[in-house]
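> This is what each chain is made of:
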Amino acid sequence: MKLKGWKELEIGAVIPEPGNADNYNTGSWRAFRPQWIEDNCIQCLFCWIYCPDSAVTVKDGKRGEFDYDHCKGCGICANECPGKKGNKAIVMVEEGK
Amino acid sequence: MGKKLAVTGNQAIAEAMRQINPDVCAAYPITPSTEVMQRFAAFVADGKVGTELVTVESEHSAMSACIGASAAGGRVMTATSSQGLALMWEMLHIASGMRLPVVMTLVNRALSAPINIHGDHSDGMGSRDCGWIQLYSENAQEAYDNLIQAIRIAEHESVRLPAMVCMDGFIISHSIESMEFLPDETVKEFIGEFKPTHPLLDVDNPVTYGPLVLPDYFIEFKRAQHEAMSHVKDVVLEVAKEFEKISGRSYGLFESYRLDDADIAIVILNSAAGTAKDVIDVFRDKGLKVGLLKPRLFRPFPYEEVAQALANVKVIGVLDRAESLGGFGPMFMEIASAMMTNGSNPLMVNKIYGLGGRDFMPEHAEAVINELKEIMDTGKVKVLKEYIGVRE
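Chains B and S are the protein sequences, given in the same order.
Numbered according to my numbering, the first sequence spans residues 1 to 97.
Numbered according to my numbering, the second sequence spans residues 1 to 392.
Just so you know, these hints were derived from the structure itself, not from any lab.
All C-beta atoms, glycine included, are put in the ideal place defined by N, C-alpha and C.
There could be a bad hint or two in this list.
Claimed, not checked - Residues from chain S shown here face chain B by an in silico Cβ test under 8 Å; the list is partial:
{"#": "1", "residue": "W89"}
{"#": "2", "residue": "R160"}
{"#": "3", "residue": "K195"}
{"#": "4", "residue": "T197"}
{"#": "5", "residue": "H198"}
{"#": "6", "residue": "D204"}
{"#": "7", "residue": "P206"}
{"#": "8", "residue": "E220"}
{"#": "9", "residue": "R223"}
Generate coordinates for the entire structure from the input sequences, incorporating the hints supplied.
Encoded structure:
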């Protein structure tokens, strides 16, 4: 990405474009990746509630795949996940493995 | 024309603020600027202004509230002195970095310790590098005139920087002198409507103020701020020209007094300039070519223009009512820098005077001029920096 020169900047470092954090892909910060195991998922949506980065996608009241562009791999979802009969629906897997 | 009244410097400022009628004013009154907010609070209580007056728990909070209100889109003012300005210090940088045209009156007072409530310029000079425009005022009339002009300067679209208007604590803030007020309508018309750049209250166009800016962009923002500062000189002159039309009083970047043919010059700020001018008249009557330069705009400092005004002077005495312990006085440093820009090489001395409100008396100015004459005659400077009006 070409960086802007000082004449092109918004006055006072104001960001005039709302919601542009969406363009910032923080997924590259991740050391561990959450993996969703649909068979163990009871659709309680705890992961969706607890995710600090809105990286659990939900459609029609049901969760789908993770948004890996924004998931930082904090592991909160995996920790909170009650799973089904003792089997977690989210597990953390080391990136690159 | 407006009416002539005898008022204190603080009263003059409070009146200017009433006429400006800012949207928000957040303040934590402190000596010697207390009367500004005391009188302005009465205007708010009496419904004479539409200002939202925010009473806060410290000057740090006062400046923080001013920043928030200015970012929201309001015309914002405050007043402080000394320790109050010192406590605002980190927020001063934030106001200027966010390019918010907050306008503040600084009633100059010494910084502690030892604790002292009287006038010197250590507070203003201590905030020299905070990115604020600084206008200094000799008397109540100049403070009033400067405050009204500061609104236009700070809010100018090519500037958008905060500004402080300085006057001497007690000597001006608490002394009563006769001055002329402009009619309310004239001031209202002169300052016009404030058009904020990115008001937070414009909910249809949401913006973020104060994001983290890392090494890839920080220096670009500072360069842009420097550019805005570089526009100030022209704007100050443009606004002064318009102000002269409504007031009959003319202002420049600095005042030159009997300087055109001078061999010897005194550079001095604020109220003490009045005393020095009287003494200069006495020396002029005796045939000594001495003049005075009183800076008005200290930030940005008009180096080229000052250098030009002092180009033919042989000896310069720079009087500082502030110390930079271990360095020259702040005004001396500016004048020395200015003289570098045109390659002229006058003999210069720095005198520190009036700290903590010590009176600057005619005999002090007289002694300085006599010393400057001796330097001119002998071509020798004995002591570069020395205190005057101090007991041994």
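> Determine for every hint whether it applies to the structure shown.
Hints and how they fare:
| no. | hint | result |
| --- | --- | --- |
| 1 | W89 | 19 Å, violated |
| 2 | R160 | 6 Å, holds |
| 3 | K195 | 13 Å, violated |
| 4 | T197 | 6 Å, holds |
| 5 | H198 | 5 Å, holds |
| 6 | D204 | 10 Å, violated |
| 7 | P206 | 4 Å, holds |
| 8 | E220 | 4 Å, holds |
| 9 | R223 | 4 Å, holds |
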